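Asker: Residues per chain are reported as follows:
There are 2 protein chains.
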Amino acid sequence: MTPSRTTSGGTPGPAGQPAWELLLPAVGAPARRRGRALQEALREAVRSGRLAAGTRLPSTRELAADLGVSRGLVTEAYEQLTAEGYLRGERGAGTWVGGAVRAPGGGGSGTGGTAGADGRGAGGPVAGPPGPDLRVDFRPGVPDLSLFPRSAWAAAQHSVLARLPHRALGYPDPRGLPELRGALAGMLVRRRGVVADPERLVVCSGVAQASTLLGFVLRARGLRTVGVEDPGSPEHGRLFASTGMETVWLPLDGEGLRPGPLAASGVRAVVVTPSHQFPSGIGWSAERRTALLDWARTVDGYVLEDDYDGDFRYDRAPVGALQGLDPERVVYAGSVSKSLAPGLRLGWALVPEALLDEVVERKRTMDLGNPVLDQAVLAEFVTRGGYDRQLRRCQRAYRERRDALLAALAEHLPGTGVSGIAAGLHVIARVPARFGPPERFLARAAEAGVALRSLEEYGTARPADGDVRLVIGYAHLSPSAVAEGIGLLAGAVGGPVGS
Amino acid sequence: MTPSRTTSGGTPGPAGQPAWELLLPAVGAPARRRGRALQEALREAVRSGRLAAGTRLPSTRELAADLGVSRGLVTEAYEQLTAEGYLRGERGAGTWVGGAVRAPGGGGSGTGGTAGADGRGAGGPVAGPPGPDLRVDFRPGVPDLSLFPRSAWAAAQHSVLARLPHRALGYPDPRGLPELRGALAGMLVRRRGVVADPERLVVCSGVAQASTLLGFVLRARGLRTVGVEDPGSPEHGRLFASTGMETVWLPLDGEGLRPGPLAASGVRAVVVTPSHQFPSGIGWSAERRTALLDWARTVDGYVLEDDYDGDFRYDRAPVGALQGLDPERVVYAGSVSKSLAPGLRLGWALVPEALLDEVVERKRTMDLGNPVLDQAVLAEFVTRGGYDRQLRRCQRAYRERRDALLAALAEHLPGTGVSGIAAGLHVIARVPARFGPPERFLARAAEAGVALRSLEEYGTARPADGDVRLVIGYAHLSPSAVAEGIGLLAGAVGGPVGS
Numbered sequence: 000m001t002p003s004r005t006t007s008g009g010t011p012g013p014a015g016q017p018a019w020e021l022l023l024p025a026v027g028a029p030a031r032r033r034g035r036a037l038q039e040a041l042r043e044a045v046r047s048g049r050l051a052a053g054t055r056l057p058s059t060r061e062l063a064a065d066l067g068v069s070r071g072l073v074t075e076a077y078e079q080l081t082a083e084g085y086l087r088g089e090r091g092a093g094t095w096v097g098g099a100v101r102a103p104g105g106g107g108s109g110t111g112g113t114a115g116a117d118g119r120g121a122g123g124p125v126a127g128p129p130g131p132d133l134r135v136d137f138r139p140g141v142p143d144l145s146l147f148p149r150s151a152w153a154a155a156q157h158s159v160l161a162r163l164p165h166r167a168l169g170y171p172d173p174r175g176l177p178e179l180r181g182a183l184a185g186m187l188v189r190r191r192g193v194v195a196d197p198e199r200l201v202v203c204s205g206v207a208q209a210s211t212l213l214g215f216v217l218r219a220r221g222l223r224t225v226g227v228e229d230p231g232s233p234e235h236g237r238l239f240a241s242t243g244m245e246t247v248w249l250p251l252d253g254e255g256l257r258p259g260p261l262a263a264s265g266v267r268a269v270v271v272t273p274s275h276q277f278p279s280g281i282g283w284s285a286e287r288r289t290a291l292l293d294w295a296r297t298v299d300g301y302v303l304e305d306d307y308d309g310d311f312r313y314d315r316a317p318v319g320a321l322q323g324l325d326p327e328r329v330v331y332a333g334s335v336s337k338s339l340a341p342g343l344r345l346g347w348a349l350v351p352e353a354l355l356d357e358v359v360e361r362k363r364t365m366d367l368g369n370p371v372l373d374q375a376v377l378a379e380f381v382t383r384g385g386y387d388r389q390l391r392r393c394q395r396a397y398r399e400r401r402d403a404l405l406a407a408l409a410e411h412l413p414g415t416g417v418s419g420i421a422a423g424l425h426v427i428a429r430v431p432a433r434f435g436p437p438e439r440f441l442a443r444a445a446e447a448g449v450a451l452r453s454l455e456e457y458g459t460a461r462p463a464d465g466d467v468r469l470v471i472g473y474a475h476l477s478p479s480a481v482a483e484g485i486g487l488l489a490g491a492v493g494g495p496v497g498s
Numbered sequence: 000m001t002p003s004r005t006t007s008g009g010t011p012g013p014a015g016q017p018a019w020e021l022l023l024p025a026v027g028a029p030a031r032r033r034g035r036a037l038q039e040a041l042r043e044a045v046r047s048g049r050l051a052a053g054t055r056l057p058s059t060r061e062l063a064a065d066l067g068v069s070r071g072l073v074t075e076a077y078e079q080l081t082a083e084g085y086l087r088g089e090r091g092a093g094t095w096v097g098g099a100v101r102a103p104g105g106g107g108s109g110t111g112g113t114a115g116a117d118g119r120g121a122g123g124p125v126a127g128p129p130g131p132d133l134r135v136d137f138r139p140g141v142p143d144l145s146l147f148p149r150s151a152w153a154a155a156q157h158s159v160l161a162r163l164p165h166r167a168l169g170y171p172d173p174r175g176l177p178e179l180r181g182a183l184a185g186m187l188v189r190r191r192g193v194v195a196d197p198e199r200l201v202v203c204s205g206v207a208q209a210s211t212l213l214g215f216v217l218r219a220r221g222l223r224t225v226g227v228e229d230p231g232s233p234e235h236g237r238l239f240a241s242t243g244m245e246t247v248w249l250p251l252d253g254e255g256l257r258p259g260p261l262a263a264s265g266v267r268a269v270v271v272t273p274s275h276q277f278p279s280g281i282g283w284s285a286e287r288r289t290a291l292l293d294w295a296r297t298v299d300g301y302v303l304e305d306d307y308d309g310d311f312r313y314d315r316a317p318v319g320a321l322q323g324l325d326p327e328r329v330v331y332a333g334s335v336s337k338s339l340a341p342g343l344r345l346g347w348a349l350v351p352e353a354l355l356d357e358v359v360e361r362k363r364t365m366d367l368g369n370p371v372l373d374q375a376v377l378a379e380f381v382t383r384g385g386y387d388r389q390l391r392r393c394q395r396a397y398r399e400r401r402d403a404l405l406a407a408l409a410e411h412l413p414g415t416g417v418s419g420i421a422a423g424l425h426v427i428a429r430v431p432a433r434f435g436p437p438e439r440f441l442a443r444a445a446e447a448g449v450a451l452r453s454l455e456e457y458g459t460a461r462p463a464d465g466d467v468r469l470v471i472g473y474a475h476l477s478p479s480a481v482a483e484g485i486g487l488l489a490g491a492v493g494g495p496v497g498s
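Here the protein sequences line up with chains S and Y, keeping their order. Numbering of the first sequence is given in numbering that gives the first Met the number 0, commencing with residue 0 and proceeding in unit increments. Numbering of the second sequence is given in numbering that gives the first Met the number 0, commencing with residue 0 and proceeding in unit increments.
It is worth saying that the hints were derived from the structure and are not from the lab. Fair warning: there could be bad hints in the mix.
Claimed, not checked - If you want a taste of the chain Y side facing chain S, the calculated C-beta under 8 angstroms gives, among others:
id : residue
1  : S145
2  : P148
3  : S241
4  : E245
5  : T246
6  : V247
Keep in mind the model is a prediction, meaning the values are calculated, not measured. Cβ atoms here follow ideal geometry from the backbone N, Cα and C, with glycine treated the same way.
Throw the hints in and build the complete structure from the sequences for me.
Answerer: Structure representation (structure tokens):
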């Protein structure tokens, strides 16, 4: 049962010692988290180069026996890391270490002239007056604000004001409070599989500011265009436009950005939402994740990963962030806007070394840094487990609402298809043509007091068929409000009227 | 005792009714605030055009008799408004309404192509490592952080979290929370004599952000240069540079910006600190305030008034802000950085109508708006009187420290002259040449662990004589630390060693 030793590129251990022993410490983890420990160890081994690209992995049966763990655990680890782009595999042919990964500090050409892209919360605020007769608002972008943990937050505020030294109330470090950068880095490594050196983490007011910061830096380096996903959030383009960069729409298919049009576009910066594409709801395939990073290295470009709702996955562990595969080419940005409240205006960016100084200087001239009390409160919240508890709470609530939405669609608008992965705060629903055409559908919905967005508002494509394609935000509505809203909608557009 | 009725431009009342009756309501105010009420009524009468430019005012004796108030009250009102530029007068010749004032919405040409200038807290953070052997730090820019009202702030935080509706936790209005804009507008009208329509008030992260916001707006309108005071804060130029604008140093004299070089410079935007010039410490004369506004109207330009420490005046009521004279030409910016703590990153800008939409859109793309909880806390703090109490507390503390500094200089470095008005958080001290030359003085101070800034660091001028000119920040030091520091300094440079 010796595992394969054809470690074509990895660093084998001393003679005769299986390279896979580097995974053994994971086995020592408590049973309930052994699977995750194995994934982390494997990810780290690939990332560090100890398992080099092209290395063939042992079969799941072999490795399970070698490590003394269940085969299911190994299979799950292989699948997870394949989805994230660390590994690649073909059914029956085996599993290899992928070529996508670059170690931090190792991959950048460092020759300047290039772009970190930008994006604000893809699922961010959508303008438009609700209207006086609004009864149910299905527009995406805002979480359930009643889930904000007021008493826990108040307790953290109180504790911060009691302990913070006076000097911390002075002009802040524009990069952010050290204790928050450390806490966030740890949390992001654990939850999102990123490479997060606190020295590379810049606290900012959210993905929107991360976008503007990066846009200015790229524009100063001479870039004039940025690619955005089509369909995607129009806000990405608006934010970049404010920095003097023009937007190029790049077509998506069911797996991610199409490599051909990307290469032909001439852009050297893109904004993407690979974990849960906004608005289409797909998760990018491992191949497309890899292809995007290959492209970035080829053109000396940058990728802004807008991880706007990466914490919310309902059917499996979230796919790790793209940034983990190449922290020198990917700017990773996220915020507490979906997990706590948009009104906190608190987020983070993990920035490639080559862009770091310029981003920090931009942050300094924009606002001198984020408010320190809020930063200290979030640090305490993350460190003491409040943030994880909050995410679990939201996860439960949003999963329940998503289920309620799917049930209501099946009942009231039969034949409606829901696409995308089971994740996030919105779904794409394709309502059959018999409820349309789209213009009439949306007009009737509005008359009935149901606010909706159609997918066409988020990109350049127009539907070839008569189906009505909707982007339905459900997270801010109770399960009963979701059901009621879909019933109301169906009544207005001529579906079976529900209870 | 009928007051003069040669109201050459004002709106006289109905036949026979003295125009000065418009001041009568002020007389109904309680005795302890009658003087202020009179000043406010007079200011408002000028601003509204009811007293037009060129109108001759009655003598103080006449008006006092007419209104039935003490003559001292009227004299004080005339002096205050003359200092602010609303009135002008010559000893023995009488007092007239000045020509500087423009009513809001009335004066702008509205034809675009122009600038709102920018500046960050002129007395803002100064970089530079304190060094391991720092014993006393006299560098200006930071208030006494131990004066931050922690328990009152904590109570306001608690109350805000208990009462704020859920929806307030969503994406904010980029202009700021309505309740805060209202509270700040009222406070600024009362304390700083500005014209403050809450609709024109933009909450921002401080004067630095106000500067960057305006710089981008001006640059987008085609401006390429901005004038800054010489001497002045180098930070103003750095902030504007980040928006693509070049800095032009404009020479000051003892009264303010010199009109000739200003007109010759070709700039159409300037950043100024008229209430307490940084760093020279002068208060601009009424003539220069008026001349600056005349210039702005002539060139269709804008003025950024950085009111970085306007709340702190120790010998008299603070001179009202320049903005009150022409809210369509002056962007007024301030923050809580000196009154509460720089770490809060909370400030405000009063923006001319012609620039407002562009400034708000810039604010939106920069960060979507300030954090809402902090805004709500400050609103509560201002509304319930906590902010006024805090200012009184700081005022007492800083006045005491300034007195301690002056006494210590007189004792330990005799012959040292202190220039500028009794205001703010720093003084300019001119140490006699016998303690110099300047290079040796500063080197010896550093060796002794005394951190100091020389005036030459803030502009282009070099002293013609051998005097050592220092910018000494005292607000963050206790009176005993101030005295000890100056003693230490004197010992190092060869002055009489103190107790």
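Asker: None of the hints should be skipped; say for each whether it holds.
Answerer: Each hint, compared with the structure:
1. S145: With Cβ-Cβ at 5 angstroms, under 8 angstroms, it holds.
2. P148: Since the shortest Cβ distance to chain S is 10 angstroms, the answer is violated.
3. S241: 4 angstroms, holds
4. E245: This hint is violated: E245 (chain Y) lies away from chain S, its Cβ roughly 15 angstroms from the closest one there, beyond 8 angstroms.
5. T246: With a closest approach of 14 angstroms, the T246 (chain Y) hint is violated.
6. V247: 19 angstroms, violated
Going down the numbered hints, you'll see the structure goes against 2, 4, 5, 6, while the others check out.
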